[in-house]
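Take these sequences, add in the hints, and give me the full structure.
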Amino acid sequence: MTSESVEQTSGEQPDAPEKPENSLLTDPDVQMRLARLDGQLQVILPKVKKRSAQDDWLEMWQQLTHRLNSGERFWKPGELIHVLAQDQLLDSRQLQEIAEALKSADLNIERVYASRRQTAVTAAAAGYSVEQQSPNIAPIFPTVNEDENCESPLYLKSTQRSGIEVRHPGTVIVLGDVNPGSKIVAAKDVLVFGRLRGIAHAGANGDRVCIIAALQMEATQLRIADTLARVPEHPSGQYEPEIAHIAPQGIQIAQANYFFKFHCFDAEANAWVTTNPKSLTNY
Amino acid sequence: MSRIIVITSGKGGVGKSTVTANLGTAIAQRGHQVALVDADFGLRNLDLLLGLENRVVYTAIEAIAGECRLEQALVKDKRQPGLVLLPAAQNRSKETVNPAQMRQLVSQLSQNYEYILIDCPAGIEMGFRNAIAPAQEAIVVTTPEVAAVRDADRAVGLLEANNIRIVNLVINRIKPEMVQMNDMMSVEDVLEILAVPLLGIIPDDERVIVASNRGEPLVLDEKLSLPAIAFNNIARRLEGDKVPFLDLMAAHNNLLNRIRRFFRS
Ligand SMILES: Nc1ncnc2c1ncn2[C@@H]1O[C@H](COP(=O)(O)OP(=O)(O)OP(=O)(O)O)[C@@H](O)[C@H]1O
Ligand SMILES: [Mg+2]
Chain A
1 MTSESVEQTS
11 GEQPDAPEKP
21 ENSLLTDPDV
31 QMRLARLDGQ
41 LQVILPKVKK
51 RSAQDDWLEM
61 WQQLTHRLNS
71 GERFWKPGEL
81 IHVLAQDQLL
91 DSRQLQEIAE
101 ALKSADLNIE
111 RVYASRRQTA
121 VTAAAAGYSV
131 EQQSPNIAPI
141 FPTVNEDENC
151 ESPLYLKSTQ
161 RSGIEVRHPG
171 TVIVLGDVNP
181 GSKIVAAKDV
191 LVFGRLRGIA
201 HAGANGDRVC
211 IIAALQMEAT
221 QLRIADTLAR
231 VPEHPSGQYE
241 PEIAHIAPQG
251 IQIAQANYFF
261 KFHCFDAEAN
271 AWVTTNPKSL
281 TNY
Chain B
1 MSRIIVITSG
11 KGGVGKSTVT
21 ANLGTAIAQR
31 GHQVALVDAD
41 FGLRNLDLLL
51 GLENRVVYTA
61 IEAIAGECRL
71 EQALVKDKRQ
81 PGLVLLPAAQ
91 NRSKETVNPA
101 QMRQLVSQLS
111 QNYEYILIDC
121 PAGIEMGFRN
131 AIAPAQEAIV
141 VTTPEVAAVR
151 DADRAVGLLE
161 ANNIRIVNLV
171 INRIKPEMVQ
181 MNDMMSVEDV
191 LEILAVPLLG
201 IIPDDERVIV
211 ASNRGEPLVL
221 DEKLSLPAIA
231 FNNIARRLEG
241 DKVPFLDLMA
251 AHNNLLNRIR
261 RFFRS
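From first to last, the protein sequence lines are chains A and B. Per this note's numbering, the first sequence starts with residue 1, numbered consecutively. Per this note's numbering, the second sequence starts with residue 1, numbered consecutively.
Worth flagging that the hints you see were computed from the coordinates, not collected in a lab. Treat the hints with care, as some may be off.
[Claimed, not checked] A short, non-exhaustive set of chain B residues, derived as facing chain A with CB atoms under 8 Å:
hint: 1; residue: Met1
hint: 2; residue: Arg3
hint: 3; residue: Arg154
hint: 4; residue: Val156
hint: 5; residue: Leu158
hint: 6; residue: Ala161
hint: 7; residue: Asp189
hint: 8; residue: Ala195
hint: 9; residue: Pro197
[Unchecked claim] No farther apart than 30 Å at their CA atoms in a straight line, the calculated lysine-lysine pairs in the DSSO-like style are these:
hint: 10; chain 1: A; residue 1: Lys261; chain 2: A; residue 2: Lys157
hint: 11; chain 1: B; residue 1: Lys11; chain 2: A; residue 2: Lys183
hint: 12; chain 1: B; residue 1: Lys76; chain 2: B; residue 2: Lys223
hint: 13; chain 1: A; residue 1: Lys49; chain 2: B; residue 2: Lys223
hint: 14; chain 1: A; residue 1: Lys157; chain 2: A; residue 2: Lys183
hint: 15; chain 1: A; residue 1: Lys76; chain 2: A; residue 2: Lys157
hint: 16; chain 1: A; residue 1: Lys157; chain 2: B; residue 2: Lys11
From a predicted model like this one, the values you see are computed outputs, not experimental measurements. Where a beta carbon is used, it is the ideal one built from N, C-alpha and C, also for glycine.
Next up, the structure:
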């Protein structure tokens, strides 16, 4: 079982990710999240970034519709949802667009939490029950599950197109292609039932056991934990399901069919190692 | 029920306005009432492509502001009785219009026109949002270049996010000789990434530029050129006709063979 070599780049390389992704993953403020916390369905908007409000809104809006349309529907039809607007400044049109997007996924807004007075006023005027929060105190809702193992996998049942960036504190499963220009960042594994041509980062919180699997591994760059590798173009143009993993010498790509039969994670080496195929012939 | 179609791309300069002008003319030629909406506020040029510059009196901005009636702002095409253009203002920025106003404007137009084609500006900012707001379907134009396809993919994602589910693709400026040399993405390469239905392929052809400069859409030429046939085919496919795609590679080979034969004889 030979693994294909990929060019390794250490963390010192100038093009390596500047800061560890993990702060971005566990920080609920960087991306729109749809979650059930203590039984209550919530959509949590990201905190305001430094860019223009227009860009922020466009990105947030696309993330929301993307999650509603291509994610798994883990809610009951007609369920009530809370909107946690954080420090976003929403005008009535934007609030209405959020309501319409939720409505098309069979969700109704029950309550809006906002730290900006203006947003709270807008939401109240639109007829929602509103809770204004001080931006300085920590949010009253539990933001992220501390125990990552509880985080269920995120299913995305569509093509991930250029410009889409998905971050999830668990495993991400894509039923479709991951196109060039898109990015999947997961705290656990990334499994792609299609062609992987965008950027995938597995084990983004530093977990070296995590793998990236794809039916067609055509990524130009792979990231697992804090390792980064450039993948040479497939010479043959022929593809088979493959698994990228951390081996002692860095990220390697192996045929998927026999991967788990001939590899195991060695805690000492802190990497996947090949088990002797001969010892396996007995069973 | 009229069809409201936005012509968009993400990347600039790939041929949105060219497609809008020629497709609009071709559909009108087939006997339909067509309104073209130039949504590229601040950079109008659809009037130039149609040779209507000197007929523009009012623009969409005045119509929205109520400074004129919508009918007054519509410019009748000089050749096609069924075709009108709603010009964009050249001197105002994109921020002067909002999506609700665009929806309102187009819904007014849809009472009198069967096809409304909206020429979208490049980019994915406010101008894009305005242009796609009234649309029920979209034609995404791309050239077979990596950067253009990447942006087209982004645009498709945003169209989907905005609930525009009917998205078709036009690949413009194909150069068969470059595809053959493996120097250019092929139609298949582009389709593999974008995965949306193909509506048409248009060859790269100098006559497109000449026609644009003259302000005479090339679908009106008496002797139809290859790109003109391509535009006509797109119009027919839009109406549901099954028209086989032009085999540009074969056309290219024929030309090569003809040249070879010429030199042999
Ligand atoms: N098939 C073609 N063959 C040759 N030239 C073409 C073709 N299609 C478009 N062009 C030329 O490319 C240039 C850009 O075209 P056009 O203005 O239609 O693009 P656009 O997408 O509307 O640009 P913008 O983003 O600036 O609005 C023009 O000069 C046009 O004549
Ligand atoms: Mg244009």
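Results for each hint:
1. Met1: violated (21 Å)
2. Arg3: This hint is violated: arginine 3(B) lies away from chain A, its Cβ roughly 22 Å from the closest one there, beyond 8 Å.
3. Arg154: Holds, about 4 Å.
4. Val156: holds (6 Å)
5. Leu158: holds (6 Å)
6. Ala161: holds (4 Å)
7. Asp189: violated (12 Å)
8. Ala195: With Cβ-Cβ at 6 Å, under 8 Å, it holds.
9. Pro197: At about 14 Å, which exceeds the 8 Å cut-off, the nearest Cβ of chain A leaves the hint on proline 197(B) violated.
10. Lys261(A) with Lys157(A): holds (29 Å)
11. Lys11(B) with Lys183(A): Distance ~20 Å between lysine 11(B) and lysine 183(A) Cα, so the pair holds.
12. Lys76(B) with Lys223(B): holds (25 Å)
13. Lys49(A) with Lys223(B): violated (56 Å)
14. Lys157(A) with Lys183(A): With a Cα-Cα distance of about 15 Å, the restraint between lysine 157(A) and lysine 183(A) holds, given a limit of 30 Å.
15. Lys76(A) with Lys157(A): Given pair lysine 76(A), lysine 157(A) holds - Cα atoms ~19 Å apart, limit 30 Å.
16. Lys157(A) with Lys11(B): Holds: lysine 157(A) and lysine 11(B) sit about 27 Å apart, inside 30 Å.
Going down the numbered hints, you'll see the structure goes against 1, 2, 7, 9 and 13, while the others check out.
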